[in-house]
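**Q** Chains B and X, in that order, give the protein sequences. By this note's numbering, the letter at position 99 of the first sequence is numbered 99, and the numbering carries on one by one without gaps. One rule links them: number in this note's numbering = place in the second sequence (from 1) + 110.
Be aware that a few hints might be false.
[To be verified] Partial pick of chain B residues on the chain X-facing surface, computed with a CB cut under 10 Å:
id: 1; residue: Val44
id: 2; residue: Gly57
id: 3; residue: Ile60
id: 4; residue: Asp81
[Unchecked claim] Simulated pairs of lysine-lysine, DSSO-like, Cα-Cα distance not exceeding 30 Å:
id: 5; chain 1: B; residue 1: Lys90; chain 2: B; residue 2: Lys68
id: 6; chain 1: X; residue 1: Lys134; chain 2: X; residue 2: Lys178
id: 7; chain 1: X; residue 1: Lys188; chain 2: B; residue 2: Lys97
id: 8; chain 1: B; residue 1: Lys68; chain 2: X; residue 2: Lys134
id: 9; chain 1: X; residue 1: Lys178; chain 2: B; residue 2: Lys55
id: 10; chain 1: X; residue 1: Lys188; chain 2: B; residue 2: Lys55
id: 11; chain 1: X; residue 1: Lys178; chain 2: B; residue 2: Lys92
id: 12; chain 1: B; residue 1: Lys53; chain 2: B; residue 2: Lys97
id: 13; chain 1: B; residue 1: Lys92; chain 2: B; residue 2: Lys55
id: 14; chain 1: B; residue 1: Lys53; chain 2: B; residue 2: Lys1
id: 15; chain 1: B; residue 1: Lys54; chain 2: X; residue 2: Lys178
id: 16; chain 1: B; residue 1: Lys54; chain 2: X; residue 2: Lys188
id: 17; chain 1: B; residue 1: Lys1; chain 2: X; residue 2: Lys134
id: 18; chain 1: B; residue 1: Lys68; chain 2: X; residue 2: Lys178
id: 19; chain 1: X; residue 1: Lys188; chain 2: B; residue 2: Lys91
id: 20; chain 1: B; residue 1: Lys92; chain 2: B; residue 2: Lys1
id: 21; chain 1: B; residue 1: Lys54; chain 2: B; residue 2: Lys68
id: 22; chain 1: X; residue 1: Lys178; chain 2: B; residue 2: Lys53
id: 23; chain 1: B; residue 1: Lys54; chain 2: B; residue 2: Lys92
Just so you know, the hints here were simulated from the structure itself, not pulled from any lab data. As the structure is a prediction and not an experimental result, all values here were calculated from the model. All C-beta atoms, glycine included, are put in the ideal place defined by N, C-alpha and C.
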Amino acid sequence: KNEVEQSPQNLTAQEGEFITINCSYSVGISALHWLQQHPGGGIVSLFMLSSGKKKHGRLIATINIQEKHSSLHITASHPRDSAVYICAVKKKSSGDKLTFGTGTRLAVRP
Amino acid sequence: DAGVIQSPRHEVTEMGQEVTLRCKPISGHDYLFWYRQTMMRGLELLIYFNNNVPIDDSGMPEDRFSAKMPNASFSTLKIQPSEPRDSAVYFCASSLGGRTPYEQYFGPGTRLTVT
Numbered sequence: 001k002n003e004v005e006q007s008p009q010n011l012t013a014q015e016g017e018f019i020t021i022n023c024s025y026s027v028g029i030s031a032l033h034w035l036q037q038h039p040g041g042g043i044v045s046l047f048m049l050s051s052g053k054k055k056h057g058r059l060i061a062t063i064n065i066q067e068k069h070s071s072l073h074i075t076a077s078h079p080r081d082s083a084v085y086i087c088a089v090k091k092k093s094s095g096d097k098l099t100f101g102t103g104t105r106l107a108v109r110p
Numbered sequence: 111d112a113g114v115i116q117s118p119r120h121e122v123t124e125m126g127q128e129v130t131l132r133c134k135p136i137s138g139h140d141y142l143f144w145y146r147q148t149m150m151r152g153l154e155l156l157i158y159f160n161n162n163v164p165i166d167d168s169g170m171p172e173d174r175f176s177a178k179m180p181n182a183s184f185s186t187l188k189i190q191p192s193e194p195r196d197s198a199v200y201f202c203a204s205s206l207g208g209r210t211p212y213e214q215y216f217g218p219g220t221r222l223t224v225t
């Protein structure tokens, strides 16, 4: 079993829909990252969380440390949000290494 | 800042050849990470440096892979000899470390094809 699990693996949405991507982990962490990888391949860091909630534009990330769970929400989704979203955790036992989930491939149709 | 710079962006080589990938981290960042991404295994950490010193190389697949960071503004990842299974996208990332975890900033990646 992977230490970082994401769901769903694939997601198709209509433009304007509210989207939720989930990340569960089974280890103690010091931080959790949400990354976005566009079809061109570049990786962008969206959020880094250690508690609570962060918001940037139409993106919201939440984390529940007790439940070992994080969610990434996209409000008013747009085709340009189509990308792979990757959850990664910094384990307390592993210093500054990131352990990655397998990603959620999102397609937003116009 | 120009962000993390990687070169080359694409590399095609024949099996058995030496391949050198290069990375320039963001100025002032003291952590540098090398990752590999494949369809089968996703993103994997190969090695990371702190203040130019390798801290964890447990992800380096085998002795054919080596990485160096001779100064704070330059790192190389070398594969010698290369094999077709090394075909992947190799990302370099940098961050500002310390007691509080900091975000990692990724370079555009080098797409390596070994034929």
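**Q** Among the hints numbered above, which are violated by the structure, and what are their numbers in rising order?
**A** Per hint list: 2, 3, 4, 8, 9, 10, 15, 16, 17, 18, 22 violated.
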